[in-house]
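Trainee: For reference, the chains in residue letters:
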Amino acid sequence: MSGDTTIDAFLSQLPGTLLDGLIRGLAYVGIALGLTIVFGMLRLVNFAHGAFYLIGAYVGLVVSDRLGLVAGLVVAPIAVAIFAIVIDYALLRRFYDRNPTSQILITFGIALVVQEALRLIFTGTTRSYIVPGWLQTSLNLGFTQYPTYRIVFAIGIVILVCVVWFFIERTNYGLIVRAGIRDRIMVQLLGGNVRQASTVIFALGGAIAGLVGAGASPIYSVDPNTGFNFLVPSFVVIVIGGLGSFWGAVVGGLLVGELQSLTTLISAPASDIVIYVAMALVLLVRPSGLFGESEIIRG
Amino acid sequence: MKSAHPTRGQFIGGTVAGAAATLASINVIAAPQKEVVIGLDVPLTGPYSDQGTDQVRAYKLAIDEINAHGGVMGMQLKYTIGDDQTKPGPAVDNATRMIDRDGAIMITGGSSTGTAVAVSGLCQQKKTIFMATLTHGDETTNQSCHYHTFRRYNNAHMSARAMAQTLLSKYGTGRWFHITADYTWGHSVYDNLVAVLEPKGAKTIKNVLMPLGTADFAPALQQAQAAHPDVLVITEFGKDMVNALNQAAQFGLTKTTKILVPLADEYMAKGTGDNFANVVTTAPFYWKYYVDKGQPNARKFVAAFIKRYGVPPSNGAETAYTNIYQWKDGIERAGSLDPAKFIAKMEGYKFTATKEPGEYWRTWDHQGVNSCLVMEGVPMSERTGDFPAFAFAKVLEVHNGESVSIPQSESKCKIETA
Chain A
45 MSGDTTIDAF
55 LSQLPGTLLD
65 GLIRGLAYVG
75 IALGLTIVFG
85 MLRLVNFAHG
95 AFYLIGAYVG
105 LVVSDRLGLV
115 AGLVVAPIAV
125 AIFAIVIDYA
135 LLRRFYDRNP
145 TSQILITFGI
155 ALVVQEALRL
165 IFTGTTRSYI
175 VPGWLQTSLN
185 LGFTQYPTYR
195 IVFAIGIVIL
205 VCVVWFFIER
215 TNYGLIVRAG
225 IRDRIMVQLL
235 GGNVRQASTV
245 IFALGGAIAG
255 LVGAGASPIY
265 SVDPNTGFNF
275 LVPSFVVIVI
285 GGLGSFWGAV
295 VGGLLVGELQ
305 SLTTLISAPA
315 SDIVIYVAMA
325 LVLLVRPSGL
335 FGESEIIRG
Chain B
24 MKSAHPTRGQ
34 FIGGTVAGAA
44 ATLASINVIA
54 APQKEVVIGL
64 DVPLTGPYSD
74 QGTDQVRAYK
84 LAIDEINAHG
94 GVMGMQLKYT
104 IGDDQTKPGP
114 AVDNATRMID
124 RDGAIMITGG
134 SSTGTAVAVS
144 GLCQQKKTIF
154 MATLTHGDET
164 TNQSCHYHTF
174 RRYNNAHMSA
184 RAMAQTLLSK
194 YGTGRWFHIT
204 ADYTWGHSVY
214 DNLVAVLEPK
224 GAKTIKNVLM
234 PLGTADFAPA
244 LQQAQAAHPD
254 VLVITEFGKD
264 MVNALNQAAQ
274 FGLTKTTKIL
284 VPLADEYMAK
294 GTGDNFANVV
304 TTAPFYWKYY
314 VDKGQPNARK
324 FVAAFIKRYG
334 VPPSNGAETA
344 YTNIYQWKDG
354 IERAGSLDPA
364 KFIAKMEGYK
374 FTATKEPGEY
384 WRTWDHQGVN
394 SCLVMEGVPM
404 SERTGDFPAF
414 AFAKVLEVHN
424 GESVSIPQSE
434 SKCKIETA
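Residue numbers (my numbering), protein chains in the order written: chain A, 45 to 343; chain B, 24 to 441.
To be clear, the hints were calculated from the coordinates, so they are not data collected in a lab. Any given hint might turn out to be false.
Pulled from the structure, derived: some chain A residues nowhere near chain B, Cβ distances all over 10 Å [stated by the list, open to error]:
no.: 1; residue: 51
no.: 2; residue: 63
no.: 3; residue: 141
no.: 4; residue: 154
no.: 5; residue: 207
no.: 6; residue: 223
no.: 7; residue: 235
Some but not every residue of chain A turned toward chain B, in silico, with C-beta under 10 Å [said to hold, decoys possible]:
no.: 8; residue: 61
no.: 9; residue: 65
no.: 10; residue: 67
no.: 11; residue: 143
no.: 12; residue: 163
no.: 13; residue: 168
no.: 14; residue: 180
no.: 15; residue: 188
no.: 16; residue: 264
no.: 17; residue: 265
On a predicted model such as this, the values are computed, not experimentally measured, just so you know. Think of the CB as a built atom: it goes at the ideal place given N, C-alpha and C, for glycine as much as any other residue.
In isolation and in its complexed conformation, chain A is listed as follows:
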């Protein structure tokens, strides 16, 4: 009798849990997307990606407090893209051809400097966004009542994925970028500016992180540690999906989101561990991740 009750309770909670996993997974997709594009195109292991998310979250906070959420969502990616370009010119382009250890150290250093600078400016207090009234409501989806903002956020991430895919796969500029990764010298001989393309890709990765930072913060709030909190699962996502793979980030993100959500239904404390178990299993079976490492290049 009680077994039936437990199964009934489990089944009644399943649709909502799956939806929740989908939304959480899409958040991971948004963050992992920039990370994997930068790695795929530039072969740069960017530990500063969490800092880009954080800058976007704080810029979005300041702007949306004064001009509204939409303005925050517009300004945040632009600000982070500019920051990324400055960092690229000043520091990172000296490290593109260095070994991964140097890249990790320099990007990790940037992440720490950004995090502590933001702590000095905004203190360690958790900050919440002011969201328009209609987005604070919840929608009745029949099987569950779900926050409107989370649904809008998820739709936004789907649109973002489509736009980024279109840019890389269907524009002339994307073609130069992909070709530059395969044979940099040949593209330069043909008149393509690979150096500029690298900067554009790094700025694009930053802009995506900044946009997701501003978009996700009304859900998760923001404090100076938020960047690292999202960076670690995002690395798990791209390792599962395949380093540098566009669709790997998408599938990996959704997989990790659903896995965490479903685990919470059974045992919430295990939900933090389960993603690392999944990563280990994937690496055992497919060491290069589910989608290999160069899906984006193969087009």
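With chain A held as given, fit chain B onto it using these hints.
Mentor: Showing chain B alone in chain A's frame:
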């Protein structure tokens, strides 16, 4: 043949040198120590960093006041500070460094029972006083009580007993769903609430344990929503509670379900704003209540705090401030920095700080026995004064500490004798 006796010159020289050495050694022993060091081991990062930061403000205020009035037994009070990251490991590392390297003779701090219990164990080993500040789990002065540790903050047993009547009258005995922080404090609060409510007929549907530092409570809130409980208990603290309650509001749960947050402070209320309206909670201190009541020490403390920092103190800050003064007074009553003499003067000591008169340190578990406030959040539109974000509640009941504290017969505390 060389004489075995010293020459006159050797004798005089030796005598002078001996006298000088003796005088010098007397001077070393007798010279008054000019300063004394204490260690502030608090979370400046992690989910409880708002609380840790506010405690540091109060510590600094108390230390500066004490130094301005002659210090502790004539010694200037110095501090060393460490960020425990809301984790027991770094908290213990900090305390070890403070004691061994910096010469701290007292450690204070902690915004988590997890860190407090760990630091308390270390301080017992090191025979160093630990004035635990913001730790609410029973364990600190129950299963893991120690001779060198004192905890003045209310505990989970006190909160649950203090709230019992209010919960039954305001929330009823229906179906209760719990979202609980998965460490010793969360477990302690959950156990106490269930022990109080279930005998009265309340039914616990489910308890979802969430790891410390969780950003997304949606999976747990989904389950709560599907279960249609009468009451949702959010036993989370700091940023975790801010996220949990704000997300509960996004899920529409604050409109359909009564919410209980067993322990809250000013920064949690600030982070949740109107979502905290009508939520019942407990706290050991509420600045507005004691200022409005005219408690002279509270008025002085709150005014000094606002003057220096521009905002009122949180309840953890009040405990931090009082802890420093309690330690100073204990040392001065003992007339010594010897921990054993200090403890002897603390046990059973009655005093009036910033709350009701007559609070005291219990001898057998070193728990501070003082009042527990049961409060209810008020909407932003009904708040008055210069600090509406911090003027978050009205006090429903004030329970005498004695009436809600765990009796010795029920406690597992077996305190050491040294």
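Trainee: Of the numbered hints stated previously, which ones are contradicted by the structure, given in increasing order?
Mentor: 2 and 11
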